[in-house]
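Peer 1: Chains P and X are the protein sequences, given in the same order.
Note that my numbering has the first sequence beginning at 76, numbered continuously upward.
Note that my numbering has the second sequence beginning at 30, numbered continuously upward.
If you're looking for bench data, these hints aren't it; they were derived computationally from the structure.
If you're wondering where the values come from, they're calculated on a predicted model, not measured in any experiment.
Possibly wrong hints are sitting among the right ones.
What the hints assert, rightly or not - Below, in silico cross-link-like pairs of lysine-lysine (DSS-like), each with a Cα-Cα straight-line distance of 30 Å or less:
id, chain 1, residue 1, chain 2, residue 2
1, P, 219, P, 150
2, P, 395, X, 44
3, P, 108, P, 150
4, P, 219, P, 140
5, P, 108, X, 70
6, X, 94, X, 43
7, X, 71, P, 136
8, P, 108, X, 161
9, X, 126, X, 85
10, P, 136, P, 219
11, P, 150, P, 136
12, X, 71, P, 108
13, X, 71, X, 85
14, X, 137, X, 94
15, X, 80, X, 69
16, X, 70, P, 395
17, P, 108, X, 85
18, X, 94, X, 71
19, P, 140, P, 150
20, X, 58, X, 80
21, P, 395, X, 58
22, X, 69, P, 108
Unchecked claim - Sample of chain P residues with no beta-carbon within 10 Å of chain X, all distances over it, derived:
id, residue
23, 81
24, 113
25, 115
26, 158
27, 165
28, 184
29, 230
30, 236
31, 247
32, 253
33, 300
34, 354
35, 381
36, 392
37, 396
38, 407
Ideal placement from N, C-alpha and C gives every residue a C-beta, glycine not left out.
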Amino acid sequence: MELTTLLFKTIFLFIILLVTLVVAMYSTYAERKVAAFMQDRNGPNRAGPFGLLQPLADGLKMFMKEEIIPLTANKYLFILGPSIAMTTALLTGVVIPWGDTLTIGDHVYSLQMADLNIGILYVFAMVSIGVYGIMIGGWASNNKYALLGAIRAASQMISYELAMGMSIIALVLTTGSLSLHDIVAQQHGMHWNIFYQPLGFFIFLTCAFAETNRAPFDLPECETELIGGYHTEYSSMKLGFYLFAEYVNMFISSAVIATLYFGGYNMPFIDQLGLSSNAVTFIGMGFFFIKIFAFIFLFMWIRWTLPRFRYDQLMNMGWKGLIPLAIFNILATGAYYFFTSLK
Amino acid sequence: MEKLTNRSVVASDKKMTFMERIYVPAILKGMSITITHFFKKKTTINYPEEKREFSKVYRGQHVLKRDDEGRERCTACGLCAVACPAEAITMVAAERKPGEEHLYREEKYAAIYEINMLRCIYCGDCEDACPKEAIFLTDRIVASELC
Ligand code: SF4
Ligand code: SF4
Numbered sequence: 076m077e078l079t080t081l082l083f084k085t086i087f088l089f090i091i092l093l094v095t096l097v098v099a100m101y102s103t104y105a106e107r108k109v110a111a112f113m114q115d116r117n118g119p120n121r122a123g124p125f126g127l128l129q130p131l132a133d134g135l136k137m138f139m140k141e142e143i144i145p146l147t148a149n150k151y152l153f154i155l156g157p158s159i160a161m162t163t164a165l166l167t168g169v170v171i172p173w174g175d176t177l178t179i180g181d182h183v184y185s186l187q188m189a190d191l192n193i194g195i196l197y198v199f200a201m202v203s204i205g206v207y208g209i210m211i212g213g214w215a216s217n218n219k220y221a222l223l224g225a226i227r228a229a230s231q232m233i234s235y236e237l238a239m240g241m242s243i244i245a246l247v248l249t250t251g252s253l254s255l256h257d258i259v260a261q262q263h264g265m266h267w268n269i270f271y272q273p274l275g276f277f278i279f280l281t282c283a284f285a286e287t288n289r290a291p292f293d294l295p296e297c298e299t300e301l302i303g304g305y306h307t308e309y310s311s312m313k314l315g316f317y318l319f320a321e322y323v324n325m326f327i328s329s330a331v332i333a334t335l336y337f338g339g340y341n342m343p344f345i346d347q348l349g350l351s352s353n354a355v356t357f358i359g360m361g362f363f364f365i366k367i368f369a370f371i372f373l374f375m376w377i378r379w380t381l382p383r384f385r386y387d388q389l390m391n392m393g394w395k396g397l398i399p400l401a402i403f404n405i406l407a408t409g410a411y412y413f414f415t416s417l418k
Numbered sequence: 030m031e032k033l034t035n036r037s038v039v040a041s042d043k044k045m046t047f048m049e050r051i052y053v054p055a056i057l058k059g060m061s062i063t064i065t066h067f068f069k070k071k072t073t074i075n076y077p078e079e080k081r082e083f084s085k086v087y088r089g090q091h092v093l094k095r096d097d098e099g100r101e102r103c104t105a106c107g108l109c110a111v112a113c114p115a116e117a118i119t120m121v122a123a124e125r126k127p128g129e130e131h132l133y134r135e136e137k138y139a140a141i142y143e144i145n146m147l148r149c150i151y152c153g154d155c156e157d158a159c160p161k162e163a164i165f166l167t168d169r170i171v172a173s174e175l176c
């Protein structure tokens, strides 16, 4: 790899990391604002103008809190849990194409950290490892509520990962590629996958809610039954990591949904404007972030609308609802391509 | 029996219909409700900057008044303490000394007069009971550090 490319990648990596953290940080603020607005309240508005410094105050509070490790806990695993949760949450951003290519001088740089040819599978792998963070943390706490939360998280993840994977198979049938870069490139113009795979999108979205442990699927941490679920015993910044990882996950899931089904950085009618390729890239990137924020808002909107599902309802919906639906979707997609290829 | 609201429904555990079982219509309905609230006017009153309008008969912090010449009106008769349903008032009476006439109107006065604000229910009975028109409940808000 050339030195300039390496330099570009390094800088780009830091920018992506920074953006991810800042977006996640302000998601916590947005969450509280959205919750407040939907309940006819004002939300945080004391720290700084409009309460904009609230996330900083929250972070500071987390750091200042006493660090408690229960005597009966398994110390190494107890620390490992939140680390895994946070690391895997951040790792997924690597394969997401944040924008098209950027031309500096006579070099063309791709705004994607790594164009893996199995990009989607990589995302899945990372999300699946993420559950270990919750499971290990819950188990290491040596507390029955934490363990219950961890078990719920594991079973929920396994159940919904199946349906999610199958909805992706149908998507891969239409795109013919596992690389996120190719998938986005194919959706140029208005050929967004949502128009070809509406059912797949619906299944994927539902599963994304379950995978990120967001309401109405927040059974692993439901306060009313399990105190705090898997992070009951956690305090200080280790708790902060768990909570923060949830918001990073939400950001990344929104990015993945936007990439897979809503054309990523593609903006309709951008070609007709006759802009230079760098301008198109930047506008596309901005549009991508608008899509991401829209999905983050959707996540919050649903969280503050719906009550939590009961555990049996959750399992019923996963195994008897979404999985058959996903299989049907694969069959229908396959049949469609089979019969169109016959002609 | 007459219903209290027109929105009450009879609860039942009948089997859910197909539309109910796929949840989506209900979810969309719920989301449409929350989004309208999102844009509604907020009911919050930003307290130190904004204040709620008080009724004229609002009963807040108590004061012991002085008369026109600046003398304390209270004579430590204890009627307010008797009238108080929350038993919040205690006082220690003292005799007026010669030369203190400009301070106390009556021959006896309250050297210590305490109202336990955690017990007080702001009923205003002390105000009604007072024969000397000494104690009044004002429209002042009781500051939280006084409790
Ligand atoms: S307002 Fe009522 S409760 Fe309070 S001190 Fe007076 S009589 Fe007692
Ligand atoms: S009733 Fe009036 S005069 Fe008597 S002790 Fe109470 S405040 Fe003082």
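Peer 1: Next, verify each hint and record whether it holds.
Peer 2: So, going through the hints one by one against the coordinates:
no. : hint          : verdict
1   : P:219 - P:150 : 17 Å, holds
2   : P:395 - X:44  : 17 Å, holds
3   : P:108 - P:150 : 36 Å, violated
4   : P:219 - P:140 : 24 Å, holds
5   : P:108 - X:70  : 14 Å, holds
6   : X:94 - X:43   : 67 Å, violated
7   : X:71 - P:136  : 28 Å, holds
8   : P:108 - X:161 : 53 Å, violated
9   : X:126 - X:85  : 39 Å, violated
10  : P:136 - P:219 : 27 Å, holds
11  : P:150 - P:136 : 23 Å, holds
12  : X:71 - P:108  : 12 Å, holds
13  : X:71 - X:85   : 26 Å, holds
14  : X:137 - X:94  : 15 Å, holds
15  : X:80 - X:69   : 20 Å, holds
16  : X:70 - P:395  : 42 Å, violated
17  : P:108 - X:85  : 35 Å, violated
18  : X:94 - X:71   : 40 Å, violated
19  : P:140 - P:150 : 19 Å, holds
20  : X:58 - X:80   : 36 Å, violated
21  : P:395 - X:58  : 24 Å, holds
22  : X:69 - P:108  : 14 Å, holds
23  : 81            : 46 Å, holds
24  : 113           : 5 Å, violated
25  : 115           : 5 Å, violated
26  : 158           : 35 Å, holds
27  : 165           : 30 Å, holds
28  : 184           : 40 Å, holds
29  : 230           : 20 Å, holds
30  : 236           : 20 Å, holds
31  : 247           : 25 Å, holds
32  : 253           : 30 Å, holds
33  : 300           : 21 Å, holds
34  : 354           : 34 Å, holds
35  : 381           : 6 Å, violated
36  : 392           : 8 Å, violated
37  : 396           : 8 Å, violated
38  : 407           : 18 Å, holds
Consistency with the previously given hints fails for numbers 3, 6, 8, 9, 16, 17, 18, 20, 24, 25, 35, 36 and 37, ordered from lowest to highest.
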